[in-house]
Amino acid sequence: MSALLLAESFAERGARERARALLDAQSFRELIGPFERLASPYLAAQGVVPQSDDGCVVARGTIGGKRACVVATDGRFLGGSVGEIGGAKIAGALELARRDAERGTPTRTVLALDTGGIRLQEANLGILAVTEICDAIVALRMLQPVVAVIAGRVGVYGGLSLSTALCSQIIVSEGARVGLNGPDVVETESGIEEMDSSDRPLIWRVTGGRMRFEQGFATALVADDVEAIRAAVQHAFEAPRELGPLEPQAFPDPRLDLDTFLRAMGIES
Amino acid sequence: MSSVRGRAWFERITGGAELVTGLPPSVLAADMTLDGHAVRVIAVVPDANARFPLARKGDVGIDEGFGVAHAVSGTPLKSAILAIVDVPGQAFGTREEAVGLQRALAASANAYIRARRGGHPVYALVVGKAISGAFLAHGLQAGWIGALDDPGIEVHVMSEAAVARVTRMERADITRLASEIPATARDIRSFATFGAIDRIFEVGNPDAPSDVDLEMVVRALAGALRTPELGLRNPRERLDRPGALQTRALARRVREELQAQWDA
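Line order of the protein sequences matches chains A and B.
Each residue of the first sequence is one higher than the last, beginning at 1 in my numbering.
Each residue of the second sequence is one higher than the last, beginning at 1 in my numbering.
It is worth saying that the hints were derived from the structure and are not from the lab.
Hints are supplied without guarantee of correctness; some may be wrong.
[What the hints assert, rightly or not] Simulated pairs of lysine to aspartate or glutamate, DMTMM-like, Cα-Cα distance not exceeding 25 Å:
#1 B:Lys57 to A:Asp196
#2 B:Lys78 to B:Glu229
#3 B:Lys57 to B:Glu154
#4 A:Lys66 to A:Asp196
#5 B:Lys57 to A:Asp184
#6 A:Lys66 to B:Glu257
#7 A:Lys66 to B:Asp263
#8 B:Lys57 to A:Asp259
#9 B:Lys78 to B:Glu237
#10 B:Lys78 to B:Asp31
#11 B:Lys57 to B:Asp150
#12 B:Lys57 to A:Glu268
#13 B:Lys57 to A:Glu193
#14 B:Lys57 to B:Glu160
#15 B:Lys57 to A:Asp257
#16 B:Lys57 to B:Glu18
#17 B:Lys57 to B:Asp207
#18 B:Lys57 to A:Glu194
Every value quoted in this text rests on a predicted model; they were computed, and no experiment measured them.
Start from the sequences and build out the full structure, keeping to the hints where you can.
Following this line, the structure appears as structure tokens:
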């Protein structure tokens, strides 16, 4: 074998291959796989071709030899957007993991999300699903770690970035972005003087993985490398280092010197 | 445009009860007794002087997300919580994204979930807009949700202009689809078909509730407060409501199949 091992990209893989990569070798078993053809009926009605897994893969297996479940969204299908089926897969897996934890057979749970947020073609169903996902993450987190991996081309935005922020540990790659409102949406809602969505350096400075790690919003910063991400996930379960709590602060938030922070970011305050 | 409804309903319901201190001016909270039940009422309102300019019209921004979280987690022992919802959006700005708006909104969602799961019944009354992340942060985690029946109420995930941009669809097509497919509709009656709304109120003046309007809503709230189990329900339980059996059949089927296949 060559001494020079090239990094294997995680971001270039699809959702199924990402889930497979995070589980122990040969342990991958998909639930409600594509052959069950559980696809969104709402997309076809709106002239969009659906996908037979709805852009969301749930897989059981083991991580570090322990029972595990990985849920991965497919950023290449409609921006990884979450509708009724994908949302129910994520929430349902979290609910079952909570049931397992209550029964004393804990399941290591990883959300490998790559998503622009709630699917606009199923908006109301998506927001209800995200409400359930948020509740299920917090409920599971009361009993065990809930680990998020944000290492795709899209990153996480919208309702799913709110959900992800509830996880106990977040592994983020330098190439991923984490924000609530995407650049296109900010520009449309508030004008180009507020955000120029073509200003890529600004967007990465403001929402890039490195920035989020430095802000303390992620527990690990990784390269786009399957082995590095696998190792970070294992580490997250073996040596849990919980994110700083989302504990509410008295107003004004003493942690935030807004003017200094914005100046450092090169943003007019 | 700034909305006046959140403040109007907050003031009418709390009847001048003393405000909780230590919150941003855009987050109102007061402890009261409603028909013998202790309840903390919380609203997000416009603040023309807010330090984040894009959060001045009643949107849920950085200070509002953490502020609501603070108000919720400070709820007195055994008190219920009532969220008055009139939130036109989540502050869409570069400053917000830099500071990390997703965490501010997560903080308030987290506070509501922990309060509800910790035994505080949580109720919400939608009196105005209930938009996207702002609604996720303030209202949607309630066990019981009431709403006014009024065209001024909008529930949606993204404005039509932004949807058009993201999906590259024509505005006219988006409007047409919203009238044909309830999942993409923006009115409260369509949203209610999915089983998340427990009660819809027809009021005379949603901007400035009359005594009659107020009495009807307060009587219904008192009824819901008498049954704390309603306010303690998890959002998952919405799937079992009569309407959801059909409208969310796929979400139910996914749960069943996941459970069947979970342990091979």
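Hints breached by this structure:
Structure breaks hint 4 only.
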